[in-house]
Amino acid sequence: MDGIHDLGGMHGFGPVVREQNEPPFHAPWEATMVAIQHAVGGRGQNLLNIDEFRHGIERMGNAEYLSTTYYEHWLDGVTRVLLEKGVLSAAELAQRTDFFVERPDAPAGAALSGPPPAVRRPVQRFMPGTEREPAGPPRFRVGDAVVTHNMHPIGHTRLPRYARGKRGIIHRCHGTHVFPDTNAHGQGEQPQPLYSVQFEAGELFGPAAEPHQLVYLDLWEPYLDRE
Amino acid sequence: MERGPGGEATSKNHPNVDQYVASRVRALESLLLEKGILPPDLVDRVVRQYAEDTGPLVGARAVARAWANPEYKRLLLEQPKAALAEFGLDYGDLRVVENTPAVHNMVVCTLCSCYPWAVMGLPPTWYKQPAYRSRAVIEPRAVLREFGVELPPEREVRVWDSSAELRYMVLPLRPAGSERLSEAQLVPLVSRDSLIGVAEIAMPAAVPAG
Chain A
17 MDGIHDLGGM HGFGPVVREQ NEPPFHAPWE ATMVAIQHAV GGRGQNLLNI DEFRHGIERM
77 GNAEYLSTTY YEHWLDGVTR VLLEKGVLSA AELAQRTDFF VERPDAPAGA ALSGPPPAVR
137 RPVQRFMPGT EREPAGPPRF RVGDAVVTHN MHPIGHTRLP RYARGKRGII HRCHGTHVFP
197 DTNAHGQGEQ PQPLYSVQFE AGELFGPAAE PHQLVYLDLW EPYLDRE
Chain B
-13 MERGPGGEAT SKNHPNVDQY VASRVRALES LLLEKGILPP DLVDRVVRQY AEDTGPLVGA
47 RAVARAWANP EYKRLLLEQP KAALAEFGLD YGDLRVVENT PAVHNMVVCT LCSCYPWAVM
107 GLPPTWYKQP AYRSRAVIEP RAVLREFGVE LPPEREVRVW DSSAELRYMV LPLRPAGSER
167 LSEAQLVPLV SRDSLIGVAE IAMPAAVPAG
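Sequence order for the protein chains is A and B. Count along the first sequence starting at 1, add 16, and that's the number in the working numbering. Mapping of the second sequence onto the working numbering: position 168 corresponds to residue 154, and the numbering continues sequentially without gaps.
Hint data in this document are derived by calculation from the structure and do not stem from the laboratory. All figures in this text were calculated on a predicted structure; none of them were measured in a lab. The reader is advised that the hints may include incorrect statements.
[As the list claims (entries may be wrong)] Once the Cα atoms are required to be at most 27 Å apart in a straight line, the calculated DSSO-like pairs of lysine-lysine come out as:
#	chain 1	residue 1	chain 2	residue 2
1	B	Lys67	B	Lys21
2	A	Lys101	B	Lys67
3	B	Lys114	A	Lys182
[As the list claims (entries may be wrong)] One side only, chain A facing chain B, incomplete, derived with CB under 7 Å:
#	residue
4	Gly25
5	Phe29
6	Trp90
7	Pro144
8	Thr146
9	Glu149
10	Phe156
11	Leu230
Ideal Cβ positions, reconstructed from N, Cα and C, are used throughout, including at glycine.
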């Protein structure tokens, strides 16, 4: 979808502001949010996959996206998808939120009537890999000239706006990987060949491009045609 | 009234946004504990892993070893999974891109904020914010200048936009004057920003050579 998350090449965001001696987390709830994301995602109980999670964030609304922090995006994305999937109900979440708004110092266990049940699967350190067995030979080889589709799907995609309808060169073949455009929408993994594609900055940005610059994107075969 | 994804009132109705967000995350934590989805010790484990493990990052250690050992460098560039395994990390999604006198590499994720947490720890906030994500692809030299890196015009800039599940790390140039330093002495020179590709590494005056 053409949302504000697709930021590449936009103007107007000012200088890159760095924080000196930045702490790992700016508030305890941020670490809790990371743990929650790990527990519900592919590392843990796999209630939402990474593409559903990203697409959840993409739908939070453009103004809201820009006016909230990174881990607030996570909170929105996780909550949105868990509600949609019926893992949580809106009523129980609203009720439980009110409980903790009224008791800001209470630990999470305070709202439980007994000890929490055991978790079915232990949480893994890393995300499960996305590479799959190829169904056939890849369509392109290193050095092939390709052009990306000019497409504006309403759903999730990993082809950024700035690189649509652009000519590039296959730089490397990464094997066959889960296709986010279907995996984000409950349409299965439908693995596709994935390539590193090299673009001249001038092809992407015209006269605005800086000299001697290349951009590399990892793009799935359905985004590409032979040039 | 503002409504969240479940139709509930959102933070806009609360004077203290941070406190509201904290309460909402606590509510989510509590519900997921209750449903047997969140392991009770996971929050503490995350804090330990990311907040308290401040030792040299695997990425910095791998770079120092690559500088010290040409065979390891080849392994890191060509078989990163095997190279990371030397540090006890079973991680297959990393790609390492090498800076040379002719080429400077820089990493971004314009669509979200993909970053190799496993080898570089938590991403800095600026990496996740719109200014860096929007500008890194269209004006990388201008961004680098803000970071204090002035590249000669003839040096090629390669920007890696992490659009899939592969993660990118830059192998920075070994600083001039570091030839006599051991691998262990090189590790602290490797900054996080140099692994993202927004910093070059210079020899600090205080480091004794040899």
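Now for the hints, and whether the structure bears them out:
Distance hint between B:Lys67 and B:Lys21 is unfulfilled; the C-alpha atoms sit about 36 Å from each other, more than 27 Å. At most 27 Å may separate the alpha-carbon atoms for a hinted pair to count; A:Lys101 and B:Lys67 exceed this at roughly 35 Å. Pair hint B:Lys114 plus A:Lys182 holds up; C-alpha atoms about 26 Å apart against a cutoff of 27 Å. Because the smallest distance between the Cβ of A:Gly25 and any Cβ of chain B comes to about 4 Å, under 7 Å, the interface hint for this residue holds.
Taken as an interface hint, A:Phe29 checks out: its beta carbon lies about 4 Å from the nearest beta carbon of chain B, inside 7 Å. Interface hint at A:Trp90: violated, since its Cβ lies 9 Å from the closest Cβ of chain B, which is beyond the 7 Å cut-off. With its C-beta approaching chain B no nearer than about 10 Å, A:Pro144 sits outside the 7 Å limit, and its interface hint is violated. The beta carbon of A:Thr146 is positioned within 7 Å of a beta carbon in chain B (closest approach about 4 Å), and the interface hint is therefore held.
Given hint, A:Glu149 at the interface with chain B, is violated; its Cβ is 15 Å from that chain's nearest Cβ, farther than 7 Å. Checking A:Phe156 against chain B by beta carbon gives a least distance of about 15 Å; that is not within 7 Å, so the hint is violated. At a threshold of 7 Å, the smallest CB-CB gap from A:Leu230 to chain B is about 5 Å, leaving the interface hint in force.
Consistency note: the structure conflicts with the earlier hints numbered 1, 2, 6, 7, 9, 10.
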